[in-house]
Amino acid sequence: MAAVTLRNLSITLGGSTIIEDLSLEVASGEFLVLLGPSGCGKSTLLNGIAGLCDVTSGAITIGGTDVTGADPADRNIGMVFQSYALYPTMTVAGNLSFGLRVRGVGRDEIAARVRRTAELLHLETLLERKPAELSGGQRQRVAIGRALVREAQVFLLDEPLSNLDAGLRAELRRELKLLHRRLGATMIHVTHDQIEAMTLATRIAVMRDGRILQQGAPEEVYARPATQFVAKFLGSPATNVLPGVAHAEGGALAVDAAGCRLDLADYSLSGPRPAHGQPVVLGVRPEHIRIGDRARFDGRVSLVERMGNAQVVWIDWRGNLVSCLSQDAREFKPDEPVHFDIDATRVSLFDAASERRL
Amino acid sequence: MILRLSTPTPAARRRRLSPARVGLYAFLATAAAFFLLPLYIMLVTSLKPLDEIRLGNIFALPQAATFESWRAAWSTVCTGVSCEGIHGGFVNSLLIALPSTAIAIALGALNGYALAFWRVRGAQLLFALLMLGAFVPLQVMIYPLVRVTAMLHVFGTLTGIVLVHVIFSMPVMTLLFRNYYAALPQELFNAARVDGGRFLRTFLHVVLPMSGPIIVVASIMQVTGVWNDYLLGLVFAGRDQLPMTVQLNNVINTTTGARLYNVNMAATILTALVPLVLYFAAGRWFVRGIATGAIKG
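Keeping their order, the protein sequence lines are chains B and Y.
With the first letter of the first sequence counted as 1, position 64 gets the number 64 in our numbering; the numbers rise by one all the way through.
With the first letter of the second sequence counted as 1, position 107 gets the number 107 in our numbering; the numbers rise by one all the way through.
FYI, nobody ran anything at the bench for these hints, they're computed from the structure.
Mixed in with the good hints, there may be bad ones.
Stated by the list, open to error - Some chain B residues near chain Y, calculated using beta-carbon distances under 8 Å:
#1 A73
#2 P88
#3 T89
#4 V105
#5 R208
#6 F297
As the structure is a prediction and not an experimental result, all values here were calculated from the model.
Cβ coordinates follow ideal geometry from the N, Cα and C atoms, glycine included.
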């Protein structure tokens with residue numbers, strides 16, 4: 001297994017700069033998820049690491065070797081594609097063994113490795129079938145197997161689960177996680193699905209417009225988003241963002257939003273204290289809003305989304321629509337007045353102009 | 001509220017034979033007759049003895065059908081000086097068409113693959129030039145090509161005529177394969193590259209096995225084109241390798257004695273037989289190849 005290092009990487013495609021001056025370290029054995037909306041350059045970055053698109057400037061090293069200009073074949077990588085990209089004219093066994101045959105691996109060795117990989121991914125009974133005779137989940141397993149069988153140093157996964165239906169996606173997600181734990185391989189996984197990112201990653205890198213906005217452990221990125229965009233992108237339902245004004249006179253920090261004052265004495269600032277009267281944005285996760293009869297703030301129920309194990313209550317709070325994730329079994333009716341509290345220790349505060357965390 | 005989407009039932013309209021339908025069928029029947037009538041006349045004339053032809057009823061069925069003129073056309077009719085029928089031309093045409101087709105497809109597929117998948121520097125320009133070549137009338141290039149083939153000492157040989165056919169087929173063959181490959185998913189090619197497949201390996205093991213339909217289309221086009229060629233065969237093939245079309249012309253233009261209409265007709269049908277059989281045998285594939293986006297743009 002190997003570490004991957006990207007240094008000041010820029011990628012230009014057809015005249016437009018997709019990735020600009022991006023640096024990233026992926027430690028050996030890490031499961032890094034590149035998370036971002038479509039068009040943020042995450043797939044291009046992955047193709048750049050794979051050598052499938054040319055790098056304009058910067059350097060890529062895999063396992064200590066500079067591979068910036070190397071052919072994909074010489075990078076010792078395995079890759080899984082969104083569309084599976086199985087060779088349609090070959091059987092499953094043929095698909096798995098192609099990379100080994102090309103590299104001139106011995107017959108017995110090929111047979112052994114194909115068998116081992118097939119066992120790992122429960123493909124033993126499908127080896128003689130053609131890709132067209134497989135279901136979506138089976139195809140994706142073969143695609144993963146094709147990357148694994150070569151025992152590469154680094155695995156690159158380009159939205160491998162996004163073509164599967166919800167149930168299969170969850171199942172293969174678990175299998176991927178188990179696989180990573182079992183192999184201890186370095187994996188770089190591209191996705192726009194924040195649940196995939198949260199569940200799979202040992203580290204998340206959130207991307208936007210060709211840049212990495214924030215990277216860190218999933219829990220940390222979730223709890224302390226570095227920008228308003230990261231806060232909105234991670235988590236479902238999305239973080240509530242409320243425009244407000246910082247109140248920093250006297251000792252304690254507070255914020256005025258929706259005509260109410262929220263005391264933020266326990267908020268740990270990441271930078272200097274905001275100035276008194278500075279416009280800010282308050283980010284509150286839906287699960288940190290608690291509805292209770294004796295709560296401080298009051299609003300009206302606007303809409304209720306029941307999810308079975310929980311419900312999302314949308315509250316009209318003086319003109320702001322705020323979502324609240326409630327585990328309560330009680331029923332809420334539209335237009336019903338409700339009281340709620342905000343867990344002030346777990347909110348995020350952003351500068352209104354730069355959208356950066358305060 | 002339930003929104004009801006109702007569509008008029010087609011059953012009511014299906015039975016009625018509207019005047020438009022009658023007109024359409026009449027037109028189609030006329031068109032079919034227009035193309036089939038010459039074939040019918042050729043067929044019946046080739047089966048009639050000369051006396052019967054002289055009666056002038058060209059639409060009449062033969063009263064004493066005989067395959068004598070077919071035998072004559074194949075093995076005894078005079079094609080200029082020699083009188084050995086056109087079977088020699090048939091063999092020549094096969095010897096020209098088979099390698100011309102095989103080599104043209106191999107090179108066209110390779111070209112198309114390189115242009116579609118490998119971002120070669122200047123590929124766009126190369127492709128544009130190739131397309132330009134497809135629109136230049138070939139007569140323009142005959143004299144230069146005569147000089148070139150003469151210089152290479154292949155003028156008037158089988159190698160020479162095959163070379164010329166391959167050269168002239170390159171634009172269309174490349175276009176055909178390039179467009180077919182451009183419709184294949186790029187990720188498939190990327191997968192092969194990551195797996196370690198280099199240029200030729202990826203072509204032979206991944207791309208070529210998927211090329212079945214387009215190879216059939218290209219074969220039909222190339223075999224038919226080469227088989228029906230007259231001009232290049234006349235100029236480049238040399239006296240001993242004259243293709244069937246040139247020999248057919250010699251048969252029909254031989255002016256000694258009476259015109260053997262029945263033999264001429266039989267020789268013509270024999271010459272047209274190969275493309276005809278090819279279309280009947282592989283027509284389904286041809287249509288499928290076109291339908292799957294093989295020919296577009």
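Tested hints:
1. A73: holds, 4 Å
2. P88: At 6 Å from the nearest chain Y Cβ, P88(B) passes the 8 Å test, so the hint holds.
3. T89: It holds, given that the least Cβ distance between T89(B) and chain Y is near 4 Å, below 8 Å.
4. V105: With Cβ-Cβ at 10 Å, over 8 Å, it is violated.
5. R208: At about 24 Å, which exceeds the 8 Å cut-off, the nearest Cβ of chain Y leaves the hint on R208(B) violated.
6. F297: violated, 39 Å
In this structure, the hints that do not hold are numbers 4, 5 and 6, in rising order.
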